[in-house]
Each structure stands twice: as C-alpha cells, then as structure tokens.
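Q: Protein sequence lines correspond, in order, to chains L and R.
The opening residue of the first sequence carries number 3 in the working numbering; numbering runs sequentially from there.
The opening residue of the second sequence carries number 3 in the working numbering; numbering runs sequentially from there.
The reader is advised that the hints may include incorrect statements.
Unchecked claim - Distance condition first, Cα-Cα at most 20 Å in a straight line; then the derived SDA-like pairs of lysine to any residue:
1) R:K100 with R:M25
2) L:K109 with R:P113
3) L:K50 with R:R44
4) R:K50 with L:M3
5) L:K109 with R:P73
6) R:K50 with L:E74
7) L:K50 with R:S63
8) R:K50 with R:P73
9) R:K21 with L:T5
10) R:K109 with L:K50
11) L:K21 with R:T5
12) L:K109 with R:M110
13) L:K50 with R:M25
14) L:K50 with R:K21
Just so you know, these hints were derived from the structure itself, not from any lab.
Owing to the predicted nature of the structure, the values given are computational and were not obtained by experimental measurement.
There are 2 protein chains.
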Amino acid sequence: METIGRHVISELWNCNVDKLNDMEMIEKIFVDAALVAGAEVREVAFHKFAPQGVSGVVIISESHLTIHSFPEHGYASIDVYTCGDRIDPNVAADYIAKALDAEISEKMELPRGLGPVQIKKKQMTSI
Amino acid sequence: METIGRHVISELWNCNVDKLNDMEMIEKIFVDAALVAGAEVREVAFHKFAPQGVSGVVIISESHLTIHSFPEHGYASIDVYTCGDRIDPNVAADYIAKALDAEISEKMELPRGLGPVQIKKKQMTSI
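Just chain L, with the same shape it has in the complex (with noise of 0.2 Å):
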C-alpha cells in the first residue's frame, strides 16, 4: 500500500449542542461520512465523558477519522486522514461539519507518508 497520505484538520466552532453530547449521533454521522467518501469502514470506537464531551474514531481501511467534542464550548476537534489518492478526506469532513451544524469551520491539509527528507550526497569527481 502506498504510504502517501492526505490529513485533514477541521476546526469546528458554534455547532449544535446537543448533537455534541450525543455518542450515538456522532457516531453515525462518522460512520456516514467514512461511507460518503468511499472509505470502508474496519473498527469504531466511540467514549462519552462525564458530564460531557465525546471522543472516538473510526479506523477506515485508507486510515481514520477521529472527533473530540466540547459542548460547552460548542467545539470538535475533527481528523480525516486517507492514504492513497482514491478517497478525498474533505468529503468526509464537510459532511461532518454540516452534520454538526457548525457555523465557523477551519481546516488544513497536511500531506503524510511523503517519504524521509534524504541528505543527498556530495558528488565526488577527480579532475
């Protein structure tokens, strides 16, 4: 499998309370959003926190998408991250901004798996 990847980080402020404290919700919605973009679906394990808040992840056989929720500040922290170039990580992740009713969506793309940076060496030649 090829080691190049895409990493999306999405930022997402202002969405729906409630949505945030429901485990079950966020569940499906990351599971739809993983099937949005074409990925297939492996584990998915999903925690809810006392007295709120939700992490969890699902692991897709191109990577995962993980979210940890902040109701109180109406915040997710989102991650899609695909390997290959067959799935766009931001197919996932708008649909789970607009899932989520999130007015201020911020993201970056990060590429991964591009390989170490070589220290290439010096040409020798005798003249």
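Fit chain R to the given chain L structure using the hints.
A: Okay, now just chain R, sitting in the frame of chain L:
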C-alpha cells in the same frame, strides 16, 4: 474542559519491520506510551490488515494516539493529540519512536482548539 490542545504528528521511517506487523506488540506500545505520558486510557481499538500493516487508536481522557503502519516501507504514521497542558504529547511520541526502533523521526506540533479567528470590529469614535 479546556479546548486548547497539542497535536504531534510523527512520521517514522526505517522502523523494525517485524514490530510494524505485530498488532499485539503495537497495542502494548501504544497503551504504555499513553501511560508513560501520564494519560488515562479510555478505549483501545486496533486492526490488522492482510497481507500486512496495522492501524489502531488509543482514546485517552486527553484525546488520542493513532498509528498506521506500513511494514513493507518500514514506515509508521503516528499522531499524538493531548488536550490541556498536563500531558506532553512528545513524551508519548518519543516513546513510540524508540519502541519501534525508528531510525528517522520527523515531528511537527500543531496547536488545536485555540478558538475561531475573530474579526475585530472597527472601533468607531465620534470626534
């Protein structure tokens, strides 16, 4: 809980190929990395791919640790994300790099949850 977090992205190359393909060992390394950093483990989910490679996550009270391993390339793609200022994600990331015998480690740290970019209103004064 504070939204502010630290997200360490760690690209590990020239790792021990046998370890990268050993799901049980990776799971133990990741749980230990979380504990060494002082985190509280909440959920653990790992998946072994055929013919090779492991993906997995440890959800901690303070966010998460993830791995995607590519034994055929000696590569492991690591994320360690911790909320609050009690835990240093670099402690876990460095533990993982050492445990996987990585010869090359490329790390970057991203701040998370700093709040949406505010557009300040122009101050109006009457003169």
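Q: Each hint should be assessed against the structure and marked as holding or not.
A: Hints, one by one, checked against the model:
Note on R:K100 and R:M25: the hinted pairing holds, with a Cα-Cα distance of about 17 Å set against a maximum of 20 Å. Between L:K109 and R:P113 the alpha-carbon distance is near 13 Å, which keeps this suggested pair within the 20 Å criterion. At roughly 10 Å between alpha-carbon atoms, L:K50 and R:R44 fall within 20 Å of each other, so this suggested pair holds. Under the criterion of a C-alpha separation no larger than 20 Å, the hint pairing R:K50 with L:M3 is consistent with the structure, at around 14 Å.
With a C-alpha separation of about 30 Å, the suggested pair L:K109 and R:P73 falls outside the 20 Å cut-off, and the hint is violated. Only pairs whose Cα atoms come within 20 Å are accepted, and R:K50 paired with L:E74 is rejected, the gap being roughly 36 Å. The suggested pairing of L:K50 with R:S63 holds, with an alpha-carbon distance near 10 Å, which does not exceed 20 Å. A threshold of 20 Å between alpha carbons decides the hint, and for R:K50 with R:P73 the separation of about 12 Å falls inside it, so the pair holds.
For the hint linking R:K21 to L:T5, the alpha-carbon distance of about 17 Å falls within 20 Å, and the restraint holds. Of the supplied pair hints, the one linking R:K109 and L:K50 is violated, its CA atoms being roughly 30 Å apart against a limit of 20 Å. For the hint linking L:K21 to R:T5, the alpha-carbon distance of about 17 Å falls within 20 Å, and the restraint holds. Between L:K109 and R:M110, the direct Cα distance comes to roughly 17 Å. Compliance with the 20 Å bound is thereby established for this hinted pair.
With a C-alpha separation of about 26 Å, the suggested pair L:K50 and R:M25 falls outside the 20 Å cut-off, and the hint is violated. With a CA separation close to 32 Å, the supplied pair L:K50 and R:K21 exceeds the 20 Å bound.
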